[in-house]
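Novice: What follows is the residue order along each chain.
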Amino acid sequence: MSEHDRTDPSSEFGSTDQDHDVDVTIDPDADATPCAYTAYVERGEVEGLPATGEHATGLEKDVWDALYAVEDPEMPVSIVDLGLIYKVELEAGEDDQDGTHAQVIMTLTYTGCPARSMLTDEVETAAESPDGIDSASVELVWSPEWSLDMVTDQGKTDLREFGLSV
Amino acid sequence: MSAIDHLSGPADLEEDERQAVETLLYRLADDEFVLAERYTEWQVRSPTLESDLALSNIAQDELGHARLWYDLLEDFGYEEADLIWERDPADFRHATLVELPFEGGDWADAIVRSYLYDEAEHLRLEALEESSYPRIVDRVGKVQAEERYHREHATNWLERLAETDEGRARLQTALDRVFPHALTLFEAVDPDVERRIDEYGIRTRSLEDMGEQWLETVVPFLESLGLEVPLSSDRTVTAEDLPSHVGRDGSHTDDWFDLHDDFTHTYRELGRDSADRIMPDPDDQ
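Chains as they are written, first to last, in the working numbering: chain S, 1233 to 1398; chain G, 11 to 295.
Honestly, the hints are just simulated from the structure, not real lab data. One should not assume that every hint holds.
Said to hold, decoys possible - Across the chosen pairs, the derived CB separations fall in these ranges:
(1) S:GLY1395 / G:LEU63: 18 to 28 Å
(2) G:LEU63 / S:SER1397: 14 to 24 Å
(3) S:GLY1290 / G:GLY19: 26 to 36 Å
What the hints assert, rightly or not - Straight line, CA to CA, 25 Å or less: simulated DMTMM-like cross-link-like pairs of lysine to aspartate or glutamate:
(4) S:LYS1319 / G:ASP291
(5) S:LYS1319 / G:ASP85
(6) S:LYS1319 / S:GLU1360
Stated by the list, open to error - Among the chain S residues that face chain G by a calculated CB cut under 7 Å, a handful are:
(7) ILE1337
(8) THR1341
(9) GLY1344
(10) SER1349
(11) ASP1353
(12) THR1357
(13) LEU1372
(14) SER1375
(15) GLU1377
(16) PHE1394
By construction, the Cβ of each residue, glycine as well, lies at the ideal position given by its N, Cα and C atoms.
Turn these sequences into a full structure, and let the hints steer you where they fit.
Specialist: Here's what the structure looks like:
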């Protein structure tokens, strides 16, 4: 045992502030807990989400592959793994003049997201990039609300590597 | 509730339905936008770095919410420039509470105002959760979830400021000043249109109802902090309790016109006649 008895952490790290009657004791052996104010609210699973295009084939798969390549502007994680994409629909044109149209339905993590236009534009560009897709559009929806439950396992791994506790 | 259970999308509304939806949206969007404008004045001026970040973040939330509500007005064919930068300031429908300047950098004012506003905001969003207009319902949950932190922030600061005599005195001064303006949150833009908003089920609680519930929440809480709420003893709101300008009906304080002049300054200086977009708006496609 050193001079500072580790079994009584308060002797080393703690103090009792007599003036303010606040007892501050820090236990150095305690597990770190995330700050409550940065914890994401868990909302439970939403049927059908996250949508990842797992069973998509053909052109639709090509669109999902292209969407996978779009990353969140702040974190190195695919927006598909982040759970932002809710649906991809392909509409075949009625005649030879109209080609196949890709409609992407997506959300954002935050209403005040300053990258909204940047992100939706990237998604649109990605969705119309595969050969065989002639046009694409993006519809933003806010329900169901995005939550951490929408992040895929791969997404969680990427976020952890980036340093987030998820 | 009327026989109308569910309104259709923006393109299929009757003229009087559309007017009701638009009016409700202007109330929401203008409040959020103008309050955010005022909050941003605290950037790099808040009492601590932590509170600076918190209030700036709340301002960003409110701008995000304003954008969500203005988006729904754009459904009717308006563009951002029509709704914000080129709209006649006299046509804005926010409550005067959100347009008042913060007297002399008074932090107590920012906190009292935020508390009164966010409690009202909570109630009115609840009254939209089952709105007959689906485009509103789609957005309410997201906004409500972000608003929760605003109420926590305001309540937490109120409690701390009320712990000392000086802090409580500052809160009282701020409360006396802004409380009459907070009452305007529940005032009508136009009584006929407000009645239709209720009748069509766009909002599931009337302004009067929400106003009463709001008083039942904020008055006891403020009193528990040792503050006196400037309202008649039977706690009824009469015309005498209201300020001379209520905002909702288009009557605004001079401070609003100065603020509007300020935030449209750059737009005008650059000789704009439309809001520049680097990229197309996803809702336009």
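Novice: It remains to establish, for every hint, whether it holds in the given structure.
Specialist: Hint-by-hint comparison with the structure:
Under the hint 18 to 28 Å, the C-beta atoms of GLY1395 (chain S) and LEU63 (chain G), about 20 Å apart, fit the expected range. At roughly 20 Å, the beta-carbon separation of LEU63 (chain G) and SER1397 (chain S) lies within the given 14 to 24 Å, and the hint holds. Between GLY1290 (chain S) and GLY19 (chain G) the C-beta distance comes to about 32 Å, which sits within the given range of 26 to 36 Å. About 19 Å separates the Cα atoms of LYS1319 (chain S) and ASP291 (chain G), which keeps this hinted pair within 25 Å; it holds.
A threshold of 25 Å between alpha carbons decides the hint, and for LYS1319 (chain S) with ASP85 (chain G) the separation of about 22 Å falls inside it, so the pair holds. Note on LYS1319 (chain S) and GLU1360 (chain S): the hinted pairing holds, with a Cα-Cα distance of about 15 Å set against a maximum of 25 Å. Checking ILE1337 (chain S) against chain G: minimum C-beta separation of about 11 Å lies over 7 Å; hint violated. Hint on THR1341 (chain S) is violated. Least Cβ distance to chain G is approximately 10 Å, over the 7 Å limit.
At its closest, the beta carbon of GLY1344 (chain S) sits 3 Å from a beta carbon of chain G; the interface hint therefore holds under the 7 Å criterion. At a threshold of 7 Å, the smallest CB-CB gap from SER1349 (chain S) to chain G is about 5 Å, leaving the interface hint in force. For ASP1353 (chain S), the shortest C-beta to C-beta distance to chain G is roughly 4 Å, which falls under 7 Å, so the interface hint holds. At a threshold of 7 Å, the smallest CB-CB gap from THR1357 (chain S) to chain G is about 10 Å, leaving the interface hint violated.
Interface hint at LEU1372 (chain S): satisfied, since its Cβ lies 5 Å from the closest Cβ of chain G, which is below the 7 Å cut-off. The interface hint given for SER1375 (chain S) is met, as the beta carbon of that residue sits about 5 Å from the closest beta carbon of chain G, less than 7 Å. Taking 7 Å as the C-beta contact cut-off toward chain G, the hint placing GLU1377 (chain S) at the interface holds, the least distance being around 5 Å. Nearest Cβ of chain G to the Cβ of PHE1394 (chain S): about 21 Å, over the 7 Å cut. The hint is violated.
Checked against the numbered hints listed earlier, the structure breaks hints 7, 8, 12, 16; every other hint is satisfied.
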